[in-house]
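Visitor: Sequence:
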Amino acid sequence: MIFSQSLMDLHSVGNKFTWFNQRSENPIHIKLDRVLVNNSWLKEFPDSYYSLQSPSCSDHCPVILHSGISDQVRHSFLFKNYWTNIDGFWHLLLRAFSDSVSGNPLSHFSNTLRLLKTCIKRESWSSYNAVNRHMDSLLASQKDVLGYLHADPTNPAFNLILKDINANVADFSAMHASWVIQRAKVKWLKHGEDDLKFLYGKIRSRRRSTNSVVNLLASSSLVPRAELVASIMHHFQCIYNPPQHTYFNIENFSKGSVITDTVAYEICSAVNDYEIKDAVFKVSSSSTPGEIKSFFSKGYMPNGIKHTTLAIIPKHKNAVNISEYRPIALFNVIYKIIAKVIAGRLKPVLPSIIEYNQSGFLQARISMDNILLASDILASASRRGGTNMLCAKLDIRKAFDSVSREFVLARLAQKGFSPLFVNWIKMCIFDVHFSIVLNGDLEGYFTSTAWLRQGCPLSPYLFSIIMDAFSNLLKDRGFIGITADNFHLTHLLYADDVLVFGEASLHNCQNLATILRDFGNSTGLHINFDKSAIMFPKHQSNQHIISQVLSIQNITSKIIYLGIPLAFNRLKVEDFLPFMDCINNKLNDWKANLLSFAGRLQYLKFIIQNTIGYWIHGSILPKTVSKYFKKVSSRFLFLGNLINSRNCIWFLGTPFVALSTRVGWGFTLLMQSNLLIIALLL
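Each residue of the sequence shown is one higher than the one before, starting from 1 at the first, in UniProt numbering.
You can take every hint at face value.
Pairs of lysine to aspartate or glutamate, EDC-like flavour, derived with a Cα cap of 16 Å:
{"#": "1", "residue 1": "K31", "residue 2": "D59"}
{"#": "2", "residue 1": "K531", "residue 2": "D395"}
{"#": "3", "residue 1": "K163", "residue 2": "D144"}
Hints in this document: simulated from the structure, not taken from any laboratory.
Sequences are here, hints too, so could you generate the full structure?
Guide: What follows is the structure in structure tokens.
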């Protein structure tokens, strides 16, 4: 019934579980009570949610449904793609930019955009609600004219009026479709059909997610909204303005590989039009560029250009505290183009100055290299037996959020980058101000003393340079790694995902603990030992002593690294259960009955197969797992859901793949692909 009626679980706040079996031995906590709604409900009550209260003397938690009707807020300005089809928009645009440039070009451009925004907001077509009302008026007029034509179908005046109305209806229908597609943000649909019914469902689903913070705060009805918003501001101000880092001496870190003077000069040469064009084309086609060259010639960027908006999304469904929400940075398009130009010059230089332990965001280095190398090391240690080694996965606490910007600049200078290039980076990452978007309204305006903004084109490259200092520190301090067949390795890095291999001796682990402490004090990147994990080969005698020295209490037999399970022993089917649940949830979350057969085919081809493809590149899937994926994919494609198993044939076998190849559907056999990829890597 759930699938046939297109029901979905409404967003909830409060307790995670709703029922308890009242037993101290073999306790069971489970979420039995839910509120299920369909798209019609979400259309009428888009902000609704339900809260799970304390159970009192009952086995079940009371469920309270909230309409979500809150104070009206002023939505922030958002460019709508359909404006480009309106003559009035171009008149305003040309008039705004007809004045000659005075002062700094970037400042002039920023001020002109601000004035243009004010002019656009006065126009009726700027609001989609006004467009929608005009569309309703056109349809009503169309109906009236058709009524007159039924009595006099050859009347030339009415036929001319109907022709004009139909043309306007077509134009406004195109605006309507453009806005729906823009809001839904379903990029994979560019490979197939634009199903508006599905897109509307996606928009409502996204709205439930983005409204989750306000829904959470609305459950505290006794607290004024302004006070709750202030608490959110304070939370993120504390994160992005941590206590000042202790003084660091960059000379305590070896330079490692540095760039040559020739390269340092080349990456600071004048920016040409082709670089800007390339950066613009890498930005979404829904975005627009502006003045760029003035930044590189004058070395100045107005605060308005690098102002950043934070959108807050929950890390999981039952997020209770604001700390359980993740901020996503949204940038000015002009800033992104400038950052992409700098990143385009930085990217080809990094492989020559970053240790090979780092594979994140560097040319010709991929995450799968780390996964395969780590798997081979663990398998080799298991075969040899009696190996005195450890494998630790280190979690860096709020990695990008706590980076010392001063260390970034000092490390760049140490690596041989010129003062001009270092100043470009400084202009991009210093004096950045933030606002937070809540229910479409911008709240707050605060600065930060730390943080590399996630989503900024420069951040991954700058972070790799910082983590290279960690690689150099391990080498200089004499940390003892593992050696196999004349191959020596101490650690693997993929951005902030750290995997350390080393000799499991007391002295070596004390050395590692000191290195981690000194690195954290200098860079602001401290290890979260509660989320870190360590594993040892079988029969390792000093496991607890080593874990105490490293302050890592989580001793495990399996580590999840870059989404793939790693272990000294051979992986079993149960190790792939999270992966199977992930695919199952993806197929369940996307309401299949909102998509046609072609839409489901596109989703399987471009989303599900790509997700599975990542796993089959890094590990050999058991046959049971492969059969499971074939079964659920067949049900999703041909039956529209994963529950109805009647007359379900495993269509995605050899005959179906052969047929799909001939007609261009592009399916592949999972097991054969898995074995072929592994064989090519041997």
